[in-house]
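**Student:** Dock chain L against the given chain C, drawing on the hints supplied.
Number of protein chains: 2
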Amino acid sequence: MMREFRRLLIGKPLHNRELAHEKLPKWKALSIFSSDALSSVAYGPEQIMLTLVAVPGIIAYGFMAPVALSILLLLGIVVLSYVQVAKANPGGGGAYAVAKKNLGEMPALVAAGSVFADYVLTAAVSVSAGTAAIVSALPDLAGHEVTLDVMVLFGLLMLVNLRGVRESSNAFVIPTYAFLFGVIALIATGVWKAFIGAPYLLPPESLARQQLDWAMLFVILRAFANGCSSMTGVEAIADSVPMFKQPEARNATVTTYWMAGILSFMFLGITYLVMHYHILPVAEVTAMSQLAEQIFDRSAAYYYIQFTTMLVLYLAANTAYNGLPMLLAIVARDGYLPRYLSTRGERLTFSNGIILLTLAAALLIIAFQGDTEHLISLYAIGVFISFTIAQASMVVHWYRQRGKGWQVRAFLNGLGAAVTGLVVLIITVTKFLYGAWVVLVFIPIMIYIFKAIRGHYNTMSEQLHLPEACYERGAATFPKGKHTVIVPVSSPTRVVYETIKYAKMIGDDILAVHVSDNDELAKKVIEKWKLWDPGVELVVIRSPYRLLMRPLLHFIEKRCREKGPNDYITVIIPEFETRKAWHRLLHNQTGWFLRNTLIWKENVIVTTVPYHLTK
Amino acid sequence: MMREFRRLLIGKPLHNRELAHEKLPKWKALSIFSSDALSSVAYGPEQIMLTLVAVPGIIAYGFMAPVALSILLLLGIVVLSYVQVAKANPGGGGAYAVAKKNLGEMPALVAAGSVFADYVLTAAVSVSAGTAAIVSALPDLAGHEVTLDVMVLFGLLMLVNLRGVRESSNAFVIPTYAFLFGVIALIATGVWKAFIGAPYLLPPESLARQQLDWAMLFVILRAFANGCSSMTGVEAIADSVPMFKQPEARNATVTTYWMAGILSFMFLGITYLVMHYHILPVAEVTAMSQLAEQIFDRSAAYYYIQFTTMLVLYLAANTAYNGLPMLLAIVARDGYLPRYLSTRGERLTFSNGIILLTLAAALLIIAFQGDTEHLISLYAIGVFISFTIAQASMVVHWYRQRGKGWQVRAFLNGLGAAVTGLVVLIITVTKFLYGAWVVLVFIPIMIYIFKAIRGHYNTMSEQLHLPEACYERGAATFPKGKHTVIVPVSSPTRVVYETIKYAKMIGDDILAVHVSDNDELAKKVIEKWKLWDPGVELVVIRSPYRLLMRPLLHFIEKRCREKGPNDYITVIIPEFETRKAWHRLLHNQTGWFLRNTLIWKENVIVTTVPYHLTK
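If you read the sequences in order, they're chains C and L.
Numbering of the first sequence is given in this note's numbering, commencing with residue 1 and proceeding in unit increments.
Numbering of the second sequence is given in this note's numbering, commencing with residue 1001 and proceeding in unit increments.
So that you can see chain C by itself, here it is in the shape it has in the complex:
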């Protein structure tokens, strides 16, 4: 039953040899790897506006343009720097791999923790923003955002990724281009209407340049920090160089430039329109939706924009599903996470990582009630930490290699590292109390966990390891010892018969033990045992406190103390397997208890001879 259901949901198992990648042409790669970066124009400019407008009594549109332009400058530096990363790592590999190679364990673990946090947030932010887009268009759905988010996570993203869909599938290509087309049409129409239409007027006091005091500067920097969420995902292409067609690095570079150009254009366009149309925060309606409604009314074009925005954002969430399970597998293979995160499931996907990501993202969404604005406060800091580490690693890389023109490359990466490091500082200061502290607490915790797990695996493998001498000497010897079999019994039954039959097969020294809280009953059992005469000694233990387990344990423990180091005691518990699961509730679980208590004794083995009731 379970197996059939599983088949239906995730399909039949795949053979090892089915693990292969199709090489992607640029136009496909662009749409697949940049859905995360490009879709962020759906919330990035809005976040800048929200932060600036939140200042009481001020509508600080005046500062939107400089903030947006600073972000684009930052984007330019990071892209130039990441093109160097792509060239140097034709094998791909994210911040963790690059840092491990060039900077050592600690920076690599910091990167792993940051990227972990960031991927989970990518999934959470993108799904909630996607839902916000569709809820803006269909207000009837308002109030069910969290339910929708969780359904998309479990019912769509988790399931599709457990099945393991090829990244090259057109299902991933179409939404991105459809979204691009919609946004470009929106910007074009919006700008055109802005020129021919009546000018939108703000009250003069809000158009006046605001006083630029320290408080205002803080707000502006926070707007910048929130706007940086638009830059998450630009590293995706550099991390995926091996997926490109030949020449891989060159194609990846060209695609990165294209991505950056399109992102810049859309980001500027949307920011301009938000400023021109004086978009203000409205509950349960996104800024994009307001824009689209102002420009297209509630026409088919409006719904097209909202629908493709939703699709591309869910697709952006999917990039976390491509990235995180793979990262977890690499980290797990290095022993910093449970091993089973690195094994491929039936469908060749890293199933455990996929489930972990889904649970973590769902928890975040539920904790933040699916509120994109609050989730954004946690966002971006992780990605900028990993940017900084990856680029710093590259500086070391170029310095070590000292190939032709290494100074330029090292300078570009160094500049990138310095700038993104500065951004980390800005985000930390301006968003600390707004949520960034969560991530800054999470990363050290993760590093502690990584180290603890690695430590456990290390001591474990030391303890399990057979000394080399064993292989050199060969012909392993096993010291002989005595073997005592203890069978706890209530009274002679078929189960006891089967158990003793097995006991006689595995040992010669057999003891039956009966614990009794009732002297009369004990006498009857002794009498019956004598009549039955199975050739096994019966020991009776009185228990006036009506406890069965403890006297039995004392008896076994006493035996344990008396035995030699190579002697074994096997405790065989006569148990019956009931035909129906609920029948099990009708019997006490002595066997289970005994097993869990005795498992701690050296050289004591607890086993059961399950007797199968047929009725």
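Treat the hints with care, since some could be wrong.
What the hints assert, rightly or not - Listed next, the in silico DSS-like pairs over lysine-lysine satisfying Cα-Cα at most 25 Å (straight line):
| # | chain 1 | residue 1 | chain 2 | residue 2 |
| --- | --- | --- | --- | --- |
| 1 | C | 504 | L | 1504 |
| 2 | L | 1482 | C | 480 |
| 3 | L | 1601 | C | 580 |
| 4 | C | 451 | L | 1580 |
| 5 | C | 482 | L | 1501 |
| 6 | L | 1530 | C | 480 |
| 7 | L | 1480 | C | 501 |
| 8 | C | 480 | C | 504 |
| 9 | C | 101 | C | 404 |
| 10 | L | 1563 | C | 504 |
| 11 | C | 558 | L | 1012 |
| 12 | C | 501 | L | 1563 |
| 13 | C | 580 | L | 1451 |
| 14 | C | 12 | L | 1558 |
| 15 | C | 504 | L | 1601 |
| 16 | L | 1501 | C | 558 |
| 17 | C | 482 | L | 1480 |
| 18 | C | 480 | L | 1504 |
| 19 | C | 530 | L | 1480 |
| 20 | L | 1480 | C | 480 |
| 21 | L | 1501 | C | 504 |
| 22 | L | 1558 | C | 501 |
| 23 | L | 1504 | C | 501 |
| 24 | C | 504 | L | 1482 |
| 25 | C | 482 | L | 1504 |
| 26 | L | 1501 | C | 601 |
| 27 | L | 1504 | C | 563 |
| 28 | C | 563 | L | 1501 |
| 29 | L | 1580 | C | 601 |
| 30 | L | 1482 | C | 482 |
As the list claims (entries may be wrong) - Among the chain C residues that face chain L by a calculated CB cut under 8 Å, a handful are:
| # | residue |
| --- | --- |
| 31 | 15 |
| 32 | 533 |
| 33 | 612 |
Simulated from the structure, these hints should not be mistaken for laboratory data.
C-beta: ideal position from N, C-alpha, C; glycine also.
**Tutor:** Positioned in the frame of chain C, the structure of chain L alone reads:
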């Protein structure tokens, strides 16, 4: 740790011989066994009022007196009848035991189901009414009723009863007498004030006799049915005859009369006061509280009444804790419920029954949001069904015995049975839609469960039973068979070494099995195995679908099909026990899986040789 905590909460284990009962004098017995019956005046008259006042536009005080008097008449008949029950059953025993002796299995199970439902409701109703009393006095607690109820159930009743307090404890005697004193003072003062004070006037139309049409009759009968909740608990004395001092039956009879007299007086008094002071339903304030406030204002006397009411009601809930676990133990001993309900725990109490009752009552309270009125709708029907069955049994009993004056006794019990049977009918008809259906569905379900459990135990004991011939013949023989030991291994480690050491001790035919999804790794393992040379054959199974369990299972299943009926296969899983519990999360649970899958195979034993990691 767990054991110390347990000690602290419920005390140290008690010896069998500490199970003894103190014989109770009448004054103690009265307070202990009638807290349930007497405390019901805190909600009984209120329920009559609530039902009559609920009729739109009518304040049917006019019908309160006849309803109350009918209930007292009923009480008289039931008490006379139950005195006969006490005389005939000096050994005590509730409806279940009496019905089983005289009427047979089915009526006994109906009685068991009804009493079960009724005890759970006694706990739920009494606790919620007790909380209502204290919330009326301290309105700040309003809104937290369910929390308080659940705290009282788990923190007070369950814990005290798991410890097992002597029923003779003064802690149980004082609240009942304190409550009696308070209620009698309330009635006396109330009546005195009613004579000297200004008369309370109702608008004439409500004082006028209402039209007695069918609808009104239905309401009156429902008021009567709800008022009958005051009669639950009157059977407690007759069920507990052996607890009395000599002469037991006589003392029990006298105490029953006293109880009935006091109950009648208080019931009439409270009903009169409710009518005279025109008490109407007020949210979160009980009728008793309104009365006490009208008569005493918010003086110390008022708080005394509310506080003792709360105490006596919680004490009434405790009678369910005396009765139900004992009933469950008797029913379980007859095989109709899981056996472990009949074993006494460390403190000689029926711990499992106590926990079951607490959970069931808490569930009811949570489901009904601690609303006494709604819980009352389910109440009383169970107790009246058991009244009817117990008294009908007595008729059969007297008829069978035909001792001196048996006709009178049989008539009294027959009258009781007929009258209470009629009440069952009235409750069913008038409260069916208000909640009685829940109980009427619950009882057949319980009977089905009783029978299913008994059926399972019967077939089980048939299957486990050794034929008598085994005892007559003696010197039991055990056929010999082959024994194969299979050890799944990953690669040679210390765990594998220990496992093979044990395997060599319990059998001669040993096979090591390695499942591999990677040909290169498999080659290495084979090589290492040859070098190590433990004297055990290694079988390698390829698994290109990366599944480990299924190929192993197929291998074992194939072996199973080939073996003879007396052959055994032991699968020993090399497992290590991690030193810390969380470490276990870092390893896959193959052993657990394998055990749960192979437990269904005949003559296949799965065991583990736990290797203890020390670091």
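**Student:** For each hint, tell me whether it holds in the structure or not.
**Tutor:** Hint-by-hint comparison with the structure:
{"no.": "1", "hint": "C/504 to L/1504", "verdict": "holds (15 Å)"}
{"no.": "2", "hint": "L/1482 to C/480", "verdict": "holds (22 Å)"}
{"no.": "3", "hint": "L/1601 to C/580", "verdict": "holds (15 Å)"}
{"no.": "4", "hint": "C/451 to L/1580", "verdict": "holds (16 Å)"}
{"no.": "5", "hint": "C/482 to L/1501", "verdict": "holds (12 Å)"}
{"no.": "6", "hint": "L/1530 to C/480", "verdict": "holds (22 Å)"}
{"no.": "7", "hint": "L/1480 to C/501", "verdict": "holds (8 Å)"}
{"no.": "8", "hint": "C/480 to C/504", "verdict": "holds (19 Å)"}
{"no.": "9", "hint": "C/101 to C/404", "verdict": "holds (21 Å)"}
{"no.": "10", "hint": "L/1563 to C/504", "verdict": "holds (18 Å)"}
{"no.": "11", "hint": "C/558 to L/1012", "verdict": "holds (23 Å)"}
{"no.": "12", "hint": "C/501 to L/1563", "verdict": "holds (16 Å)"}
{"no.": "13", "hint": "C/580 to L/1451", "verdict": "holds (16 Å)"}
{"no.": "14", "hint": "C/12 to L/1558", "verdict": "holds (24 Å)"}
{"no.": "15", "hint": "C/504 to L/1601", "verdict": "holds (20 Å)"}
{"no.": "16", "hint": "L/1501 to C/558", "verdict": "holds (23 Å)"}
{"no.": "17", "hint": "C/482 to L/1480", "verdict": "holds (22 Å)"}
{"no.": "18", "hint": "C/480 to L/1504", "verdict": "holds (9 Å)"}
{"no.": "19", "hint": "C/530 to L/1480", "verdict": "holds (22 Å)"}
{"no.": "20", "hint": "L/1480 to C/480", "verdict": "holds (24 Å)"}
{"no.": "21", "hint": "L/1501 to C/504", "verdict": "holds (19 Å)"}
{"no.": "22", "hint": "L/1558 to C/501", "verdict": "holds (23 Å)"}
{"no.": "23", "hint": "L/1504 to C/501", "verdict": "holds (19 Å)"}
{"no.": "24", "hint": "C/504 to L/1482", "verdict": "holds (12 Å)"}
{"no.": "25", "hint": "C/482 to L/1504", "verdict": "holds (12 Å)"}
{"no.": "26", "hint": "L/1501 to C/601", "verdict": "holds (17 Å)"}
{"no.": "27", "hint": "L/1504 to C/563", "verdict": "holds (18 Å)"}
{"no.": "28", "hint": "C/563 to L/1501", "verdict": "holds (16 Å)"}
{"no.": "29", "hint": "L/1580 to C/601", "verdict": "holds (15 Å)"}
{"no.": "30", "hint": "L/1482 to C/482", "verdict": "holds (21 Å)"}
{"no.": "31", "hint": "15", "verdict": "holds (5 Å)"}
{"no.": "32", "hint": "533", "verdict": "holds (5 Å)"}
{"no.": "33", "hint": "612", "verdict": "holds (7 Å)"}
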